[in-house]
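Build the full structure now, drawing on both the sequences and the hints.
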Amino acid sequence: MRTGFISALALAAVSIVSAAPIHDHKQALENMEKRLSPVNDWNCKPDAVHPVPLVLVHATFPTAAVNWAYHGTRFTLKGYCVFQLDYGHVPQLPGIGGMGLIENSAQQLKTFVDQVLNATGTSKVNVTGHSRSPLFHPRLHFYLCFILTFISISVSLFRLAPATHGTDLSGIVTLGRQINLYDPVTNLLNKFCAACMEMVYDSSFMQALFADGDTVPNVEYLMLATNYDEVITPYTRSWLRDQNPLVKNKKIQDYCMFDITEHIGMFANSLAFNIMDDFFTPSTGTRMLNCLTYVTK
1 MRTGFISALA LAAVSIVSAA PIHDHKQALE NMEKRLSPVN DWNCKPDAVH PVPLVLVHAT
61 FPTAAVNWAY HGTRFTLKGY CVFQLDYGHV PQLPGIGGMG LIENSAQQLK TFVDQVLNAT
121 GTSKVNVTGH SRSPLFHPRL HFYLCFILTF ISISVSLFRL APATHGTDLS GIVTLGRQIN
181 LYDPVTNLLN KFCAACMEMV YDSSFMQALF ADGDTVPNVE YLMLATNYDE VITPYTRSWL
241 RDQNPLVKNK KIQDYCMFDI TEHIGMFANS LAFNIMDDFF TPSTGTRMLN CLTYVTK
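Residues in the sequence shown are numbered from 1 upward in steps of one, following the numbering used here.
Calculated from the structure, these hints are not laboratory results. Virtual Cβ for every residue (Gly too), placed ideally from N, Cα, C. There could be a bad hint or two in this list.
To be verified - Across the chosen pairs, the derived CB separations fall in these ranges: (1) Asn118 to Pro217: 22 to 28 angstroms; (2) Asp212 to Leu181: 32 to 38 angstroms; (3) Arg241 to Gly171: 18 to 24 angstroms; (4) Gly79 to Leu181: 45 to 51 angstroms; (5) Leu189 to Met288: 27 to 33 angstroms; (6) Asp212 to Trp42: 35 to 41 angstroms.
Structure follows, in structure tokens:
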């Protein structure tokens, strides 16, 4: 298995602050966020170039400050009103994000989006997420249980190396079933990472989520995968399947065939940032995005 999987485990490890009380941990997260990325400026007002605020949704395991330290800072410097939240923490592992039940995390996102809309005076948000971002699927309205109508608040949706249709984690799911370990592992993980098992490609959650399609009308989508993804496998599960003219399924290698970025590396990839920037600001004109983008933008 590639080094990216080891990187994912390491990223989870450095995020743990298990010895600290929950309230201390939350304060530590807020302080870390202020140091790493100039986001969550609640006085920010969208301008004519970037009229819609941008909400960043982190992956499973890292905090928002870790996941978006690079992209969040660059979006802010480009003039976006950028907001990010930490969600899905569980008492057993308070320093790791995105692990709680998807339904609970979705409620947290709904509350956060309401705060962004109120603060910016806008009626819509753009959204981007990295990796599994468990509460953040194209059919967000499904598992918000009608708390939030996705079509009413989102203009564009972009995902980096997403688990749109789940994953088998480089064959680990299949192997676990073959050696009769899948059910015991599921029972264990459900005690502290209920969202993890919901993201298995054939879970009951995934089947119900996409029973009637994987997009909603009037929302523009771009799913950016990578050939070298070792977490979301096969990488084609990142892509949407509806025949929707507003859907773009891409690999970063479509823009630069020499790019060998794997799953974790997508959250600090300069080309990926420029692809997102173009997607969210079409009024500025389409740039030529290719291998040279790394050094020219």
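Structure-based check of each hint:
{"no.": "1", "hint": "Asn118 to Pro217: 22 to 28 angstroms", "result": "holds (26 angstroms)"}
{"no.": "2", "hint": "Asp212 to Leu181: 32 to 38 angstroms", "result": "holds (33 angstroms)"}
{"no.": "3", "hint": "Arg241 to Gly171: 18 to 24 angstroms", "result": "holds (22 angstroms)"}
{"no.": "4", "hint": "Gly79 to Leu181: 45 to 51 angstroms", "result": "holds (50 angstroms)"}
{"no.": "5", "hint": "Leu189 to Met288: 27 to 33 angstroms", "result": "violated (44 angstroms)"}
{"no.": "6", "hint": "Asp212 to Trp42: 35 to 41 angstroms", "result": "holds (37 angstroms)"}
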